[in-house]
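Chain B: place on chain L using the hints.
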Amino acid sequence: MLNQNQKLNPKLLDKDVEQVPIRFGYGEGLLKAGEENENVVALCADLTDSTKTSTFSKKFPERFVEMGIGEQSMASVASGMAAMGKVPFIASYAMFSPGRNWEQIRTTICYNNSNVKVAGAHAGISVGPDGGTHQAIEDIAITRVIPRMNVVVPCDSVEAKKATYASSKIEEPFYLRFAREPTPIVTTEESPFEVGKANLLRDAKNPQVAIIACGPSVYNSLMVAEELSREGIECLVLNNHTIKPMDETSVIDVARRAGRVVTVEEHQVKGGMGSAVAEVLVKNYPVFMEFVGVEDKFGQSGTQEELVEHYGMGISGIKEAVKRVINK
Amino acid sequence: MANLLDEKVKFLEEKANDIRRSIVEMLLEAGSGHSAGPLGMADIFTLLYFHVLKHDPKNLGWPERDRVILSNGHICPVLYAAMAHSGYFPVEELKTLRKFGSRLQGHPHREWLPGIETSSGPLGSGLSQAVGMAIGNRMNDGQSDDKWFYCLMGDGELDCGQVWEAVMMAGRDKLHNIIGIIDRNNIQIDGFTEDIMPLDSLRDKFESFNWHVLEVDGHNFESVNDAIGQAQAMFSKPSVIIAHTIPGKGVEFMERKFEWHGKSPNADEAKEALNQLRTLGGKIKSEHE
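As you go down the protein sequences, you meet chains L and B in turn.
Under this note's numbering, residues 2 to 329 are what the first sequence spells out, in order.
Under this note's numbering, residues 8 to 296 are what the second sequence spells out, in order.
Just chain L, with the same shape it has in the complex:
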């Protein structure tokens, strides 16, 4: 059953559940952070509206820096601004930031220990018709390996707002990952959120499998758990929004309780959130695992639903993975 303590969207399981692009939460969280702290500034590389940086730049035009299409310079300019006491948020599509400017993020932000937040919009396969060039499905891997970098992947726009705001309060580099398309609202303003603390969204008395998910995959995972429950298979669902630092206690706890784990993410299986979970479990509580994600492939054009289904992260793909892991 849904965990009451999580105060989730009461209409979560309805067919007409409200859907909002996760990136919208970035704009709202940035605005809130900016209203509280005059040192919060925003930079964007010619994608001000679609990254929702515009929510901030309209209110605080004097604290917004238009970079043009220069993601590499954007990372380093932000580092320089942080050196002058600013709290810069830089935004582009994840494919370009942290995709194109990885070394600048590593050296001038993380190695320098600069208080810069990197917001990657349009991440994941669900970007849709733009095709493979624009579908960042390697960004979790390349950011989580950089020392000092925090990596957060919110499951909906409400959580994205909280994550963005929370990152402004922590003087460390962050990577915040957002999806493009409308995504069902899972959480509410009242739902708990803390960087580095995973949330158990679905609980069960005798769980057979723990589904650990992040980003838009959290909703699909909850739908799968609901359907399987009707078939007599009970699953825990953990919203593992913070890939780094990972909430090891919660991850180990659900693995211990269920004895089997399936990870779900819109990302390459290699190096992603599932790999990070495996790193924790292998060392502490090894269990059979299945990894749902993109299997060493590039994406292509299509609708959100077509792509998520085709690459195995849809309802049927997750269901099959759960059944596979039970039969191990």
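To be clear, the hints were calculated from the coordinates, so they are not data collected in a lab.
It should be emphasised that the depicted structure is a prediction, and the values quoted were computed from it without experimental measurement.
Watch out, some of these pointers could steer you wrong.
Calculated cross-link-like contacts (lysine to aspartate or glutamate; reagent style DMTMM-like; alpha-carbon spacing at most 25 angstroms) [stated by the list, open to error]:
| # | chain 1 | residue 1 | chain 2 | residue 2 |
| --- | --- | --- | --- | --- |
| 1 | B | K181 | L | E321 |
| 2 | L | K170 | B | D148 |
| 3 | B | K181 | L | E63 |
| 4 | B | K212 | L | E67 |
| 5 | B | K181 | L | D254 |
| 6 | L | K59 | B | D148 |
| 7 | L | K245 | B | E118 |
| 8 | L | K59 | B | E201 |
| 9 | L | K60 | B | E118 |
| 10 | L | K170 | B | D180 |
| 11 | B | K154 | L | D47 |
| 12 | B | K181 | B | D275 |
| 13 | L | K60 | B | D148 |
Showing chain B alone in chain L's frame:
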């Protein structure tokens, strides 16, 4: 910033010579590192740290200090030597360059050695950081604030596209507090810059991006000092000083040789180099001969 009197020029020449000797000694001790660039930039670093900069080696967090952004981090021996000789840390510590646990990392790290503004090594990102600092500073302290952001760049690193992203932006935003100084020594690891990837006309390139361009002999203290003075008087655009320097300056067998870009002297070479520096290239008699 004051004009240079003859007496000050003599003082700076002697300091630059001390710094060159330290560079050779530390590179010998380290057994690796870059020789030509640091020696070629010794005069400019001496001028900065002993005449131009508004800084206080005993008060590193002083908010009003000028910022030195070393973009071509591989010439850090000259930065370390200038900092040590101007009182940031003991000159003796220079011998720890590139050693395990040393604050003097092979490429500069701002956390390991306080007083350094940015970590650098991968080329091409210093100017962007200077742009960020200048924009942040303008937001904090307004358009007419008189902190200066000296961004030192190599000419080879101008091959990097990121430099031109920052050049374009500094010109657009008229960031007059930025004074770029380019070590125009014409060499990079694989050869001469004009053979590898031609940069000329650098003046035209920068001017077309709305920069004020000055060209000087990078070994003439008065010329460089005058150029910095002019750059500070320029309120409507960023300035760049193209400093023509001789790589390996002061050590005859290293001068103008791109082979000395990325290597350090062995014991015999260092002995010969120190002897030349001690005698100011034969101008004075060495007391150690």
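Kindly indicate which numbered hints from before are broken by the structure, ordering the numbers from low to high. 1, 5, 8, 9, 10, 11, 12
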